[in-house]
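Chemist: Protein chains in written order, with my numbering: chain P, 1 to 289; chain X, 290 to 443.
Worth flagging that the hints you see were computed from the coordinates, not collected in a lab. Warning: the hint list may mix true and false statements.
[Unchecked claim] Taking lysine-lysine pairs in the DSSO-like style, the calculated list, with each CA pair at most 27 angstroms apart, reads:
id, chain 1, residue 1, chain 2, residue 2
1, X, K308, P, K206
2, P, K206, X, K403
3, P, K206, P, K270
4, P, K193, X, K356
5, X, K319, P, K206
6, X, K417, X, K403
7, X, K346, P, K206
8, P, K206, P, K31
9, P, K193, X, K346
10, P, K170, X, K346
11, P, K81, P, K27
12, P, K28, P, K170
13, P, K206, X, K417
[Said to hold, decoys possible] Chain P residues, not near chain X, derived (Cβ > 12 angstroms throughout):
id, residue
14, A42
15, L53
16, G102
17, D103
18, E114
19, P116
20, L145
21, E241
22, N250
23, K266
24, I267
Idealized CB from N, CA, C, for every residue including glycine.
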Amino acid sequence: MTHLSNNKPVDTQITNAAFIPEMFVIKKIRKETEDTFTIELAAENGETSFEFLPGQFNMLYVHGCGEVPISICGDPNRPNKLFHTIRMVGDVTRAIRRLKVGDMLGVRGPYGKEWPIEKAEGKDIVIVAGGIGLAPLRPVVYHILNNREKYKRISILYGTRMPSDIIFNKELESLRGRFDIDLYVTVDRADQKWMGNVGVVTTLIKNSNFDPENTTAFLCGPEIMMRYTAIACQQQGLAPENIFVSLERNMKCGVGLCGHCQYTGKIICKDGPVFNYDTVKDLIKKREI
Amino acid sequence: MKNLESYLADHPFLKGMGKKHIELIVGCAKNVRINPGEYLFHEGDEADLFYFIRDGKLAMEVFRPQKGSIVFNTLGNNDVLGWSWLVAPYIRHFDCRAMDVTRAIALDGNCLRKKCDEDHELGYDIMKRFVNLMEDELMALRLQLLDIYDTPIK
Ligand SMILES: Cc1cc2nc3c(=O)[nH]c(=O)nc-3n(C[C@H](O)[C@H](O)[C@H](O)COP(=O)(O)OP(=O)(O)OC[C@H]3O[C@@H](n4cnc5c(N)ncnc54)[C@H](O)[C@@H]3O)c2cc1C
Numbered sequence: 001m002t003h004l005s006n007n008k009p010v011d012t013q014i015t016n017a018a019f020i021p022e023m024f025v026i027k028k029i030r031k032e033t034e035d036t037f038t039i040e041l042a043a044e045n046g047e048t049s050f051e052f053l054p055g056q057f058n059m060l061y062v063h064g065c066g067e068v069p070i071s072i073c074g075d076p077n078r079p080n081k082l083f084h085t086i087r088m089v090g091d092v093t094r095a096i097r098r099l100k101v102g103d104m105l106g107v108r109g110p111y112g113k114e115w116p117i118e119k120a121e122g123k124d125i126v127i128v129a130g131g132i133g134l135a136p137l138r139p140v141v142y143h144i145l146n147n148r149e150k151y152k153r154i155s156i157l158y159g160t161r162m163p164s165d166i167i168f169n170k171e172l173e174s175l176r177g178r179f180d181i182d183l184y185v186t187v188d189r190a191d192q193k194w195m196g197n198v199g200v201v202t203t204l205i206k207n208s209n210f211d212p213e214n215t216t217a218f219l220c221g222p223e224i225m226m227r228y229t230a231i232a233c234q235q236q237g238l239a240p241e242n243i244f245v246s247l248e249r250n251m252k253c254g255v256g257l258c259g260h261c262q263y264t265g266k267i268i269c270k271d272g273p274v275f276n277y278d279t280v281k282d283l284i285k286k287r288e289i
Numbered sequence: 290m291k292n293l294e295s296y297l298a299d300h301p302f303l304k305g306m307g308k309k310h311i312e313l314i315v316g317c318a319k320n321v322r323i324n325p326g327e328y329l330f331h332e333g334d335e336a337d338l339f340y341f342i343r344d345g346k347l348a349m350e351v352f353r354p355q356k357g358s359i360v361f362n363t364l365g366n367n368d369v370l371g372w373s374w375l376v377a378p379y380i381r382h383f384d385c386r387a388m389d390v391t392r393a394i395a396l397d398g399n400c401l402r403k404k405c406d407e408d409h410e411l412g413y414d415i416m417k418r419f420v421n422l423m424e425d426e427l428m429a430l431r432l433q434l435l436d437i438y439d440t441p442i443k
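Chain X with its partners taken away, still in its complex shape:
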């Protein structure tokens, strides 16, 4: 099994990042495992961590009173989960449930924010990568909202 550092260095999200910065990030990382049906977090929780999913599957859900939860996205191998750790007041906006056994690397947002404040080059690099992630998610969400397969028969 690869260690944390080589896994993160090889991850597409961190592609091209210098060794020095990878080492700084690894200092905030730990391995986590979550079983099917367990929740990684709920809406309103403190957003203190974000994740590099190694393998498994996670469902992003919004709970609707009396109607149950609706899944609006799923994430799997190699996906990066969570950017609320970057945006004050660092609160989760949805629930996240494991659909399969999921292994991930969790990054401590507090720890990384401090390092980004101290080293603006790292901060700028991280920020650019997360803006890309946000753009991808926003684009996907827009397409989802367009309801492109809309049924003409009502």
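This is chain P alone, in the form it adopts within the complex:
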């Protein structure tokens, strides 16, 4: 196995092999929206066992084109199924979209720090996702559903640009049917056919039901959205130490060696991508980085 799968600090494990992707076969491709799709990957020998922690990512390699970091978005309890949800933005992500079922994709990982879901046990949980930001948080949702009794109130707040940009439609519908989770979806704009909420996702915070003294919030989406969502959470009494964000920067090695994703003193691929908001709140306002 070439991937660094036992979640130990990567520094101690780095070998040349860590940079050689393992080849996976595309088993399924599901269109989520016009520009976003989900792929299911299987190991070449058919025996997939890809353990990961919610929040970790893989480097996906398209032969002759390049490599990109993409979060793992499946159920951490089902390591036999490896899922990635990808939005086409440029060369590599478009090249992945052009691949067909049966084609090969290189995978290195899992890398990065996870969402602190175990530390959040016994607390209310607020999950706020914007756009494709729901993908890195989906394993958190699976984990909570698998361990529902360990958490108190759960609020999932999800914002997108338009109704047609909503990903994981089926899963969201089934979550909405549950009595033990509050799910709110909002879009920035809509026509009269849309019966849901309209308005930025930050506006959902004030009406969601959580005890600010005993809540952990997980935020993922465009950085500007996380910044204002964190402010809205703090206005409701949540301390910055109890807010976690997932940051994105262009990455190369994925294991903290090349410094490509350096973010002042932090290396996003190794120290993150999940960070405690308190430790990055001054950085994400800075223009220079």
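Position chain X with the ligand against the provided structure of chain P, taking the given hints into account.
Modeler: What follows is chain X with the ligand alone, placed relative to chain P:
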């Protein structure tokens, strides 16, 4: 069901307001109910009322000729709707349609403006609360304008 006074006294928007002022406000309040599809008001109407939404859902819309209406915001439980009653010439700037059965407490803007003119302490208190509401709405609108989820693929 709570009566008007205890509902308003407990409402987050009026948090901390003295009993005397709550009583003055209650004198301008009444219960309203609106069915799905009905319009609470249209653009250009006189802005004589504002609302504390008890439960339900309202869509703020702007009508575009030949293109239909676009919804730019929705409001629900515990939201406060409307500040045009505070700003002359007291005219609505958009349409408001009920998406679900909506129950609200309607406050008569004329009545409250008079009370604010007579009692400046009440007026200042109300003004501060509405400035906060306006700031929240302005911030949300700015984020909406930034189009933060912009699609890179055109
Ligand atoms: C830890 C981590 C996890 C990630 N998880 C996911 C995921 O689960 N799903 C997913 O779709 N993406 C994810 N991303 C983002 C993804 O890595 C980038 O979109 C990808 O690297 C872009 O590569 P490209 O070659 O297709 O585009 P490029 O050719 O590199 O860029 C093309 C254009 O897109 C813009 N662009 C690049 N990255 C982004 C971005 N993240 N958002 C918006 N615009 C961008 C560039 O500025 C440029 O204008 C993640 C990133 C990180 C760091």
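Chemist: Are the Cα positions of K417(X) and K403(X) separated by 27 angstroms at most?
Modeler: The given pair, whose Cα atoms are some 17 angstroms apart, holds under the 27 angstroms limit.
Chemist: Is it true that the CA of K206(P) sits at most 27 angstroms from the CA of K403(X)?
Modeler: violated, 31 angstroms
Chemist: Next pair to validate is K308(X) with K206(P); report whether the Cα-Cα distance is within 27 angstroms.
Modeler: Measuring from Cα to Cα gives roughly 25 angstroms; hence the hint holds.
Chemist: Does L53(P) really sit off the interface, with its C-beta more than 12 angstroms from all C-beta atoms of chain X?
Modeler: holds, 27 angstroms
Chemist: Does the no-contact call for E114(P) survive, Cβ to all of chain X over 12 angstroms?
Modeler: Holds: least Cβ distance 25 angstroms, greater than 12 angstroms.
Chemist: Measure nothing beyond the straight line between the CA atoms of K193(P) and K356(X); if it is 27 angstroms or shorter, mark the hint as holding.
Modeler: holds, 13 angstroms
Chemist: Sort out whether K170(P) lies within 27 angstroms of K28(P), counting only the CA atoms.
Modeler: holds, 17 angstroms
Chemist: Would the hint linking K81(P) and K27(P) be met if the CA-CA limit is 27 angstroms?
Modeler: Distance of about 10 angstroms is within 27 angstroms: holds.
Chemist: Straight-line Cα separation of K193(P) and K346(X) no greater than 27 angstroms?
Modeler: This hinted pair holds, its Cα atoms lying about 14 angstroms apart.
Chemist: Does D103(P) sit more than 12 angstroms from chain X, CB to CB?
Modeler: holds, 21 angstroms
Chemist: Quick check for students: does the CB of N250(P) sit more than 12 angstroms from each CB in chain X?
Modeler: About 14 angstroms separates N250(P) from the closest Cβ of chain X, which puts it past 12 angstroms; holds.
Chemist: Test the statement that L145(P) is away from the interface with chain X: the closest C-beta pair must be farther apart than 12 angstroms.
Modeler: With a cut-off of 12 angstroms, L145(P) remains clear of chain X, as the shortest Cβ separation is near 26 angstroms.
In this structure, the hints that do not hold are numbers 2, 3, 8, in rising order.
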